[in-house]
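*Asks:* Given chain F, put chain Y in place with the hints provided.
Chains as they are written, first to last, in my numbering: chain F, 1 to 586; chain Y, 1 to 586.
Incorrect hints may appear among the rest.
Claimed, not checked - Below, computed lysine-lysine pairings styled on DSSO-like, alpha-carbon distance capped at 27 Å:
1) F:Lys-231 x Y:Lys-578
2) Y:Lys-35 x F:Lys-581
3) Y:Lys-581 x F:Lys-549
4) Y:Lys-205 x Y:Lys-249
5) Y:Lys-242 x F:Lys-581
6) F:Lys-498 x F:Lys-242
7) Y:Lys-51 x F:Lys-578
8) F:Lys-581 x Y:Lys-311
9) Y:Lys-549 x F:Lys-581
10) F:Lys-214 x Y:Lys-180
11) F:Lys-35 x Y:Lys-578
12) Y:Lys-578 x F:Lys-242
13) Y:Lys-214 x F:Lys-206
14) Y:Lys-180 x F:Lys-205
15) F:Lys-214 x Y:Lys-205
16) F:Lys-311 x Y:Lys-581
17) F:Lys-549 x Y:Lys-578
18) Y:Lys-231 x F:Lys-581
19) F:Lys-51 x Y:Lys-578
20) Y:Lys-581 x Y:Lys-7
21) Y:Lys-549 x F:Lys-578
22) Y:Lys-51 x F:Lys-581
23) Y:Lys-169 x F:Lys-9
24) Y:Lys-206 x F:Lys-180
25) F:Lys-169 x Y:Lys-9
26) Y:Lys-581 x F:Lys-242
27) F:Lys-578 x Y:Lys-231
28) Y:Lys-59 x Y:Lys-30
29) Y:Lys-57 x F:Lys-578
30) Y:Lys-214 x F:Lys-205
Calculated directly from the structure, the hints in this document are not laboratory data.
The chain contents come next:
Number of protein chains: 2
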Amino acid sequence: MAWDATKLKDWQIAEEAEKNMPTVEELVEKLNLEKDELIPYGRTPKVDFLKMMERLKDKPDGKYIEVTAITPTPLGEGKTTTTLGLIEGLAKRGQNVGGAVRQPSGGPTMNIKGTAAGGGNALLIPMTEFSLGLTGDINDIMNAHNLCMVALNARMQHEANYTDEELAKRGLKRLDIDPKNVEMGWVIDYAAQGLRNIIIGIGGKKDGFQMQSKFGIAVGSELMAILAVAKDLPDLRERIGKIIVAYSKTGQPVTTRDLEVDGAMTAWMRNTINPTICYSAEGQPVMVHAGPFANIAIGQSSVIADRLGLKMFDYHVTESGFAADIGFEKFWNVKARLGGLKPNVSVLVATIRALKMHGGGPQVVPGRPLPEEYTKENLELVEKGCANLLHHLNIIKKSGIVPVVCVNGFYTDTEAEINLIKKIVREAGARCAHSDHWLNGGDGALELADAVMDACKEESQFKCLYPLEMPLRERVELIAKEVYGADGVDWAPEAEAKAKRFESDPYYADFSTMMVKTHLSLSHDPTLKGVPKGWRLPIRDVLVYGGAKFLCPMAGAISLMPGTGSDPAYRRIDVDTKTGKVMGLF
Amino acid sequence: MAWDATKLKDWQIAEEAEKNMPTVEELVEKLNLEKDELIPYGRTPKVDFLKMMERLKDKPDGKYIEVTAITPTPLGEGKTTTTLGLIEGLAKRGQNVGGAVRQPSGGPTMNIKGTAAGGGNALLIPMTEFSLGLTGDINDIMNAHNLCMVALNARMQHEANYTDEELAKRGLKRLDIDPKNVEMGWVIDYAAQGLRNIIIGIGGKKDGFQMQSKFGIAVGSELMAILAVAKDLPDLRERIGKIIVAYSKTGQPVTTRDLEVDGAMTAWMRNTINPTICYSAEGQPVMVHAGPFANIAIGQSSVIADRLGLKMFDYHVTESGFAADIGFEKFWNVKARLGGLKPNVSVLVATIRALKMHGGGPQVVPGRPLPEEYTKENLELVEKGCANLLHHLNIIKKSGIVPVVCVNGFYTDTEAEINLIKKIVREAGARCAHSDHWLNGGDGALELADAVMDACKEESQFKCLYPLEMPLRERVELIAKEVYGADGVDWAPEAEAKAKRFESDPYYADFSTMMVKTHLSLSHDPTLKGVPKGWRLPIRDVLVYGGAKFLCPMAGAISLMPGTGSDPAYRRIDVDTKTGKVMGLF
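In isolation and in its complexed conformation, chain F is listed as follows (with noise of 0.2 Å):
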């Protein structure tokens, strides 16, 4: 039944399972659609948001699953491949299930980690759609983000180049904005360093405003985090024109809408509302929605795909990005709160790499063969590497759903290992599952999807780490404190400074708080593994997101543009000219 995955590389798995995938037709039928609900593109359907929703509204909704991860190795920990796994699993239980993943970045997927399709046998088909821009929700949000930048820099000369008088005939009133205090920057679905910093407009003055400026990667976009939240087409509308563009120079914010722009970002980004349908390797439904990046960007399925997930499935699973002190945290507090959600279990994927990692083993670095630490048994690494995971699963704990542990297997993973942490994890008063659905699919997730099920008859206790009343310095404060375990925050002063504005100006009251920190790391600082004491988290900066309505403290030296590396997948992808196939993808 399943693929040998020890032998055929992902993008031949993808191959072979994709000749069985459902069609459009056959879909509407598996999950009693109407017709016209699905709109096709290519073998990849969207869903129709609006038609869908309006059908279903009365329908109760499924079980809601999560899926974390404990601190990952920066190769990842299967988070997505576990999200899959367990799909299968319940599929396989006679369940009828579906669930959300996000739209790989062009940055990893042609970098060093590869494209985000899972892998083995519970990988997401078709893979080179999935991998390649899919229907185009991240080109949509990278058109509609850069049309504003152009609207920035246009406006920025020609009220360099006119008077009052002259800008009046055109039905323009000077912005006046400040070179020095731009919000926003150019985006780019890459990991392009090279446009971290740049300098623009050189040359003539009908060559553009010349100033500093930047791109970061696309898909964290303050638009990619609107799409995320956004409840449907009248809320995404109305958040695209409350972004902060720039400020004018005495400091009043300039946005979006005031340059105009926002109606027609709007029309760039209106297929984006609507998820796609990809498929699991054993065919069931996954909705492809919003994007990664959890540690500088909300990295979350969207609320729009799990409010349609819930209606359409009894078991709707989602993901958030990286593990559970930075995707999980905004999960719980950011968008379970702004989509009105109420998840019933938590999966929190644990690695016995990564558990061996934070117990103290060797540094894993990316496209370097794995030292013998991690390929032969050390009960030692992993048993102290377990605090890590039982931080993780506190974490959950707090918000009141219902945790499972999942160790994600691999061929060298020993018995002895795999008891000992069902051992510890039990000890802690959480339920532990063994999974082989990277080797086995659907009947190596039996373990898992028993657990879960189990888990969703408990009733969730599902609340918030704080109130929306509560001030920004605070929230900060206790997130670093209860989530992170930090002894405390130290603010920047001009972090502070602005920290200080954003409390006493009601207009940010009910903004959430969305953290930027390295997901490698429960600390701000990558280096530091396992669980990390006696240390403060800096905030260096704070970002506005007026549309997403998100106020973002910056943790440390964190960069919103990663970086290429020096043996990029690139290499290794090509097409098949006869067929049209492409091959190389992982």
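*Replies:* Okay, now just chain Y, sitting in the frame of chain F:
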């Protein structure tokens, strides 16, 4: 039958016309296609080029009609409108007809000129999809192109930071790229003048290689040129690997293949090879493929779309960009030659507005009301302006293609003005029709359709202006004199040195010559209207497109990145949040 184009805006007519737009199933039946030859993408299917061409390869070609124009005003003279009107007119005459147009760029659509969807009752539907990204070809080109730039800058950084030994560990050999001799820039599909000249890589040693760089408009990418001239997928793949990105410090070309990024670029572009099917307002199929900007790019609908159209239709109407000196010249000597195509008829579009401008009328400025000369009868200006028309007519005659002049009707045209033009054209030995497709759709284009069908009975004497054996500078001299009407060519020393190098290197022997020149004058100076006399063509640089196999002499001060004006179209575009429909496109 026709909608009242004097009262309704284009997007409103489109909305009405789209109610009768054929479904994919209806199109399959109407054109006798196999079901799997069309791949649905929302309302606009892509043609599976490989499958359809294989089935139809032995079918005789239909009649091949190209549409070009006289030197336009900055507003455009309705070449796309006439293309669609002609298709509608031929359909009214009971012919099996279709066509090919180019996908519009976000630059003009969001700037002053608006979308390139035609207008009135001769417009292209679905208008929103067509205007805003369609099935993603331009996004795919942008992503493929910028991946190459990411690879370039990352490689330069890693070569600066690593020794030869450290590079070798990663399987890399030093390319030693000269930062002062980089051929390619980045692309974005807007008129973003602020990105014309930039400095990138500011920051530390991991923040990219610091250097001067540039952005061009995405539709002007060499990848778009490759898409326009590629015969099939193997041809596309091979060309993508030969793009010259930069030069080493010893002057050796550094290609996409040297950067090991050509396979991944092809992967991003794998779907672009399939043209998208849209429709005229009256429901005839029109393929959309490749891009605009025949001044700075090739600006042709693709060889692939035309090959398909000639198999599918008895009359296939295709469009080249701007006027006959620049777009038609490339159609004639580049696209038709490379594609092995034999055009039958060229339609030369003129408006009375443009003729008056060439006859000495006041300047036409986008966004400002037209002076009285253009709205009232003025036979003198029309007669003088016909010199420009006759010049373009002569260009077409030199190609051996049978010309038909079309006066694209406007409500201010008078009977006397129309008759004057017809008299002048007929005295020059060519057919001439007045056409009211904007107002009346196909019924308004019957005179034009009849003239074109009649012209198709003549045998085309198609031949290129020059053989590929002719050296570069001789070719440019010939084009300047025979096509533009210049007295000669002045080479800037640097450009001439490059030209000599290309002439002496057999690698470039079969490269096409793709001129870069303003479309707003027969000369290089956009302010010179009519038929400029006593001038010489200045060539300041020669670009190399190693994959497209083009050498591109640049005439005058033209930029590869247009600018956004002070009253751009995006100010008026928005989305109806109840229906999701886009409003305000024009």
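*Asks:* Indicate, hint by hint, whether the structure satisfies it.
*Replies:* Quick rundown of the hints versus the structure:
A distance of roughly 14 Å separates the Cα atoms of Lys-231 of chain F and Lys-578 of chain Y; the hinted pair therefore holds under the 27 Å criterion. The suggested pairing of Lys-35 of chain Y with Lys-581 of chain F holds, with an alpha-carbon distance near 21 Å, which does not exceed 27 Å. Proposed proximity of Lys-581 of chain Y and Lys-549 of chain F is supported: the alpha carbons are some 26 Å apart, at most 27 Å. For a cut-off of 27 Å, the pair hint linking Lys-205 of chain Y to Lys-249 of chain Y stands: about 21 Å separates their Cα positions.
Taking the CA atoms of Lys-242 of chain Y and Lys-581 of chain F, the gap is about 21 Å. The hint holds against a cut of 27 Å. Between the alpha carbons of Lys-498 of chain F and Lys-242 of chain F the distance comes to roughly 19 Å, so the proposed pair stays at or under 27 Å and holds. Taking the CA atoms of Lys-51 of chain Y and Lys-578 of chain F, the gap is about 12 Å. The hint holds against a cut of 27 Å. Only pairs whose Cα atoms come within 27 Å are accepted, and Lys-581 of chain F paired with Lys-311 of chain Y is accepted, the gap being roughly 26 Å.
This hinted pair checks out: Lys-549 of chain Y and Lys-581 of chain F have alpha carbons roughly 26 Å apart, not beyond 27 Å. With a CA separation close to 22 Å, the supplied pair Lys-214 of chain F and Lys-180 of chain Y stays within the 27 Å bound. About 21 Å separates the Cα atoms of Lys-35 of chain F and Lys-578 of chain Y, which keeps this hinted pair within 27 Å; it holds. The suggested pairing of Lys-578 of chain Y with Lys-242 of chain F holds, with an alpha-carbon distance near 19 Å, which does not exceed 27 Å.
This hinted pair checks out: Lys-214 of chain Y and Lys-206 of chain F have alpha carbons roughly 15 Å apart, not beyond 27 Å. Pair hint Lys-180 of chain Y plus Lys-205 of chain F holds up; C-alpha atoms about 24 Å apart against a cutoff of 27 Å. A C-alpha spacing of about 17 Å is found between Lys-214 of chain F and Lys-205 of chain Y, which places the hinted pair at or below 27 Å, so the restraint holds. For the hint pairing Lys-311 of chain F with Lys-581 of chain Y, the CA-to-CA distance comes to about 26 Å; that is within 27 Å, so the pair holds.
Note on Lys-549 of chain F and Lys-578 of chain Y: the hinted pairing holds, with a Cα-Cα distance of about 23 Å set against a maximum of 27 Å. Under the criterion of a C-alpha separation no larger than 27 Å, the hint pairing Lys-231 of chain Y with Lys-581 of chain F is consistent with the structure, at around 18 Å. A threshold of 27 Å between alpha carbons decides the hint, and for Lys-51 of chain F with Lys-578 of chain Y the separation of about 12 Å falls inside it, so the pair holds. Distance check on the hinted pair: Lys-581 of chain Y and Lys-7 of chain Y sit about 20 Å apart at the alpha-carbon level, within 27 Å; holds.
Pair hint Lys-549 of chain Y plus Lys-578 of chain F holds up; C-alpha atoms about 23 Å apart against a cutoff of 27 Å. The straight-line distance between the Cα atoms of Lys-51 of chain Y and Lys-581 of chain F is roughly 15 Å, inside the 27 Å bound, and the hint therefore holds. For the proposed pair Lys-169 of chain Y and Lys-9 of chain F, the alpha carbon gap of about 24 Å is at most 27 Å, so the pair holds. The hinted pair formed by Lys-206 of chain Y and Lys-180 of chain F meets the criterion: a straight-line CA distance of about 24 Å does not exceed 27 Å.
Taken as a hint, the Lys-169 of chain F and Lys-9 of chain Y pair is honoured in the structure, with Cα atoms around 24 Å apart against an allowance of 27 Å. Restraint check for Lys-581 of chain Y and Lys-242 of chain F: the C-alpha separation of about 21 Å stays at or below 27 Å, so the hint holds. Proposed proximity of Lys-578 of chain F and Lys-231 of chain Y is supported: the alpha carbons are some 14 Å apart, at most 27 Å. The suggested pairing of Lys-59 of chain Y with Lys-30 of chain Y holds, with an alpha-carbon distance near 18 Å, which does not exceed 27 Å.
Among the hinted pairs, Lys-57 of chain Y with Lys-578 of chain F is consistent with the structure: their alpha-carbon atoms are about 17 Å apart, no more than 27 Å. As the CA atoms of Lys-214 of chain Y and Lys-205 of chain F are separated by approximately 17 Å, the hinted pair is consistent with the 27 Å bound.
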